[in-house]
Amino acid sequence: MNMPCRKTVTRASSSFRMQSLGHLLVLSSLGRFISGYSDRDRVHDLMSRYPLIDGHNDLALQLRILHNNNLSQVDLHNVSKVATDITRLQAGHVQAQMFAAYVMCGAQEKDAVRLTLEQIDVVRRMCTEYQDFELVTSAQELKNSEMRHKIACLISIEGGHSIDSSLPALRMFYHLGVRSMALTHTCNTPWAESSSKLYSVYQRQNNSLTHFGKAVVREMNRLGMIVDLSHTSWDTALAVLNHSRAPVIFSHSSSYSICNHSRNVPDRLLHELKKNQGLIMVNLHSKFISCRDKANISHVADHFDHIKKVIGAESIGIGGDFEGAVSFPHGLEDVSKYPALIQELLRRNWTENELADVLRRNFLRVFKEVEQVRNQLRLLRPIEVQIPVEEVQNPCRLVLTPPDPRKRLSDKSPISRAQHGRPDLLILAIVLLLSSLFMIE
1406 MNMPCRKTVT
1416 RASSSFRMQS
1426 LGHLLVLSSL
1436 GRFISGYSDR
1446 DRVHDLMSRY
1456 PLIDGHNDLA
1466 LQLRILHNNN
1476 LSQVDLHNVS
1486 KVATDITRLQ
1496 AGHVQAQMFA
1506 AYVMCGAQEK
1516 DAVRLTLEQI
1526 DVVRRMCTEY
1536 QDFELVTSAQ
1546 ELKNSEMRHK
1556 IACLISIEGG
1566 HSIDSSLPAL
1576 RMFYHLGVRS
1586 MALTHTCNTP
1596 WAESSSKLYS
1606 VYQRQNNSLT
1616 HFGKAVVREM
1626 NRLGMIVDLS
1636 HTSWDTALAV
1646 LNHSRAPVIF
1656 SHSSSYSICN
1666 HSRNVPDRLL
1676 HELKKNQGLI
1686 MVNLHSKFIS
1696 CRDKANISHV
1706 ADHFDHIKKV
1716 IGAESIGIGG
1726 DFEGAVSFPH
1736 GLEDVSKYPA
1746 LIQELLRRNW
1756 TENELADVLR
1766 RNFLRVFKEV
1776 EQVRNQLRLL
1786 RPIEVQIPVE
1796 EVQNPCRLVL
1806 TPPDPRKRLS
1816 DKSPISRAQH
1826 GRPDLLILAI
1836 VLLLSSLFMI
1846 E
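Quick note: the sequence shown, position 305, residue 1710 per this note's numbering, numbers continuous.
Careful, some of the hints might be misleading.
[What the hints assert, rightly or not] Below, a list of computed lysine-lysine pairs in the PhoX-like style, where the Cα atoms sit at most 20 Å apart:
| hint | residue 1 | residue 2 |
| --- | --- | --- |
| 1 | Lys1713 | Lys1679 |
| 2 | Lys1679 | Lys1773 |
| 3 | Lys1692 | Lys1602 |
What the hints contain is simulated information worked out from the structure, not anything from laboratory work.
Between the sequences and the hints, there should be enough to build the whole structure, so can you do that?
Here you go:
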């Protein structure tokens, strides 16, 4: 007889509890508002729990340009004329930074390897001589550095010309701590194609990733080195995405659909990147963001929104390109300003879970998967493919063959050639010398 009444009471109690819970949530939100808990506080809390891993920074290049790599001349806690130093990295919640060892394309076929070694040296020095930094070479070391409240340093090579088409050079760079390499910069290599037409070197038809280029990708997979497609042509990027066994990254590129610059990534490649389980780390350079010299944070957020719509937040990271570009959006002028970008994405209804992926979890996943592929390939021997000499066309390369006796005379110094081939010049030189002696007397 009392059962219906009991049910009514139970429903009423449930309704009361739901109303009470709603009131508590409202009161909680109101309490936060009253106590001054702002969007900025929310960003601070989020980035404290998930500090940023930034995919690209050219501080080492600026140390060469401004200080000739003399670290004794600078205090990396506070560096003028640049957008990056320890103080600002900490203010921007940057917990890990990929520092690029970059040398200009003009060094190709010359001293690119030596210059790259010098840039690796300066990154290693700054990341071991300063206690706030810590040089890391694995995903686990990167995670450990966060627990120790260090700024983790990862070394990348920006441009395949740095290895001089040599797999042994690639392996030696890996042993020095390099964990990523962009296959090209603004110039083609003998085995891969650049997105830039700035240099007219190594022009090929329908050969964007040669046989040797595929060997480079396979060896990077075997070593556990992240393949970086920023700066490559779209055809080269597609070839790598079809060939690599490990996820790849665009360490500092943005959306071509938002800004139609050749350095940005079109949607069709974004879909291929999704299949590869790779990562595009959005570049902040104004010309890649707005296709103009000026941009703002909203323009940057448009790239994030579009890429998320196409392939999801789990495929996005951040690669600021500070020190490597000349103009940045208003409000994102240096590495301390990253919280402003995260605040704008929160305002656009990005969830904290999505932003945690963008800030660090996506890169950690890719790094771990690259290492897993390395572990799967650990029984393979180092690849011994050598690029044909005719493909390199490098006059500075020594060909290991005995000298031709018939060419010995022509190989002598200019003075020797003058002595043997032009006795009249030698006589003239003696006459001029004697004349000068008589004049002195």
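Verification of the supplied hints:
With a CA separation close to 11 Å, the supplied pair Lys1713 and Lys1679 stays within the 20 Å bound. Taken as a hint, the Lys1679 and Lys1773 pair is honoured in the structure, with Cα atoms around 17 Å apart against an allowance of 20 Å. Straight-line distance between C-alpha atoms of Lys1692 and Lys1602 comes to about 17 Å, which keeps the hinted pair within the 20 Å bound.
Comparing the model with each earlier hint shows no violations; every hint is respected.
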